[in-house]
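In order, the protein sequence lines correspond to chains A and B. Quick note, the first sequence lines up with residues 1 to 333 if you use our numbering. Quick note, the second sequence lines up with residues 1 to 159 if you use our numbering.
Please keep in mind that the hints were generated in silico from the structure rather than gathered at the bench. Built from N, CA and C at the ideal position, the CB exists for glycine as well. Take the hints with a grain of salt, since some may be wrong.
[To be verified] Where chain B lies over chain A, by a calculated footprint (3+ residues, C-beta under 8 Å): (1) 242 to 253; (2) 317 to 323.
[Unchecked claim] If you want a taste of the chain B side facing chain A, the calculated C-beta under 7 Å gives, among others: (3) G7; (4) D53; (5) A54; (6) L57; (7) D59; (8) A60; (9) Q62; (10) I63; (11) L64; (12) T73; (13) I75; (14) S122; (15) G125.
[Unchecked claim] Only some residues are given here: those of chain A computed to face chain B with a beta carbon under 7 Å: (16) G14; (17) T17; (18) A50; (19) P72; (20) F87; (21) R293.
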Amino acid sequence: MSYIVIEGLHKKYGQSTVLTNIEMSIEKGEFITLLGPSGCGKSTILRILAGLTDASAGKILIEGKDMHDVQPKDRQVGMVFQSYALFPNMTVKDNVAFGLRMQKITSAEIEQRVQEMLETVHLSEKAQAYPNELSGGQQQRVALARALIVRPKVLLLDEPLSALDAQIRKKLQADLRDIQQKLGITMILVTHDQEEAMAVSDKIFVMNNGMIAQSGTPTAIYTRPESEFIASFIGHYNVFTRQTLENMTGESLPKDYSKFAIRPEAIHLDMRKGDVCMAGVAKQSFMSGNVIRTMFEGECLFTMEQLHQREQLIKINEKYMCYVAREDVIALS
Amino acid sequence: MVYSFPGIILAVGLIRVYSKLGVSMILVVLGAYVIGILPYIYQGTRNSLRNVDARQLLDAAQILGASKFQAFTKILLPTVYPGLFAGALLSFSVLFGEFVLINLVVGSRFETVQIYLMKKLSTSGHIASAVVFIYIVLMGLVTFTIAKLTKQSKGATNG
Chain A
1 MSYIVIEGLH
11 KKYGQSTVLT
21 NIEMSIEKGE
31 FITLLGPSGC
41 GKSTILRILA
51 GLTDASAGKI
61 LIEGKDMHDV
71 QPKDRQVGMV
81 FQSYALFPNM
91 TVKDNVAFGL
101 RMQKITSAEI
111 EQRVQEMLET
121 VHLSEKAQAY
131 PNELSGGQQQ
141 RVALARALIV
151 RPKVLLLDEP
161 LSALDAQIRK
171 KLQADLRDIQ
181 QKLGITMILV
191 THDQEEAMAV
201 SDKIFVMNNG
211 MIAQSGTPTA
221 IYTRPESEFI
231 ASFIGHYNVF
241 TRQTLENMTG
251 ESLPKDYSKF
261 AIRPEAIHLD
271 MRKGDVCMAG
281 VAKQSFMSGN
291 VIRTMFEGEC
301 LFTMEQLHQR
311 EQLIKINEKY
321 MCYVAREDVI
331 ALS
Chain B
1 MVYSFPGIIL
11 AVGLIRVYSK
21 LGVSMILVVL
31 GAYVIGILPY
41 IYQGTRNSLR
51 NVDARQLLDA
61 AQILGASKFQ
71 AFTKILLPTV
81 YPGLFAGALL
91 SFSVLFGEFV
101 LINLVVGSRF
111 ETVQIYLMKK
121 LSTSGHIASA
131 VVFIYIVLMG
141 LVTFTIAKLT
151 KQSKGATNG
């Protein structure tokens, strides 16, 4: 049996349904991400796991134990909030020590564990500072330390990095993954940032409208989207209806599917064996980091992405033949 | 609305309503005072709470193993304490200076500073001036403390 099991979870607030039949099983030591647009119910799952919100129906098991009727304080879960929720009346050290003090541990041991934990998050020299004297990134590291020090069975992260700027976010993503690997802790991260989800997780659950749309490893989700929602949410996928794509390529496509997706980076200008070909006029080309993104107008608009080359190959308003490998045309259900 | 009434109307009203019920008049005045100072306490607390997400702080404390009561006393109370204390001091000084209600409703049986002062005024000018002097010093201290506390609570919530 899995470490954490969620069975048939439903949640309603009054008339509106927030979660519909959520099923998950999570193994010990896994880094799980719940990914979805805001308002899709992903944070609600975390709150239900932590015991802060009651489910309308369904069951949650942690280590085989039913969590129904177990108080938040007895669940042994940790949680990091988007707004940090550090206690403003306490120093960094007292914030981190709070969980241990609640467990009636001797002060010598508390002292030692707090020291170690502050070193892990590189904040030893800030032990006596108050939360309002720290930067956002530092505050979030304190929040992380505070949650980790009680050695929770599972750590819940509710969009912990979304309030930080891009550079610090990248750094903390890496730190988070490092700490998770080092301590072997099961973590569940909630985010709406698909890049963040791809960067850190072992397994991703993509959610939409209170349901799990698709789950799998980051690679599986990215290369084999099952629906139009996933294809458009996860990357810059080009989504075509069957009719358009048939007209454009002159190929006949399987009749059981109505929509098809092609990754923009799978499109290229040089012909390879067995490729599907589509024509388009280059309309717009712009650079985002090391990628050049070009919009083509053919039967409909589509996007191609290439790594940045020394000389710009594509001329605007000229017609090009674009090629895609047959297996990169993905049928969506 | 209490503030828009002259104290004398309030006092007459209270006497008419409660004198027939046989409730101790001291209790009646206490009740009127509690209602009167409620806005001060409320404002003070609200200002302290505005800058923190109290719900989330309580959630965080509970997940870390605190009971609801512990979360309240160890986290929320210390956080709103400066505002609460400033509100309390403010109410204290307002009530300290209150004269009309207590004099009319309870009478001189129950001596507050104001009533004591009024009595002494007719007997000895020296004692009255001493009382007034002490009174001013005391109120000065209270004002100073309030000023200090509100400054501190601002510092604690900025950033």
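Results for each hint:
no.	hint	result
1	242 to 253	violated (count 0)
2	317 to 323	violated (count 0)
3	G7	violated (39 Å)
4	D53	holds (6 Å)
5	A54	violated (10 Å)
6	L57	holds (6 Å)
7	D59	holds (5 Å)
8	A60	holds (4 Å)
9	Q62	holds (4 Å)
10	I63	holds (5 Å)
11	L64	holds (4 Å)
12	T73	violated (12 Å)
13	I75	holds (5 Å)
14	S122	violated (51 Å)
15	G125	violated (49 Å)
16	G14	violated (19 Å)
17	T17	violated (23 Å)
18	A50	holds (6 Å)
19	P72	holds (4 Å)
20	F87	holds (5 Å)
21	R293	violated (39 Å)
The earlier numbered hints that this structure contradicts are 1, 2, 3, 5, 12, 14, 15, 16, 17, 21.
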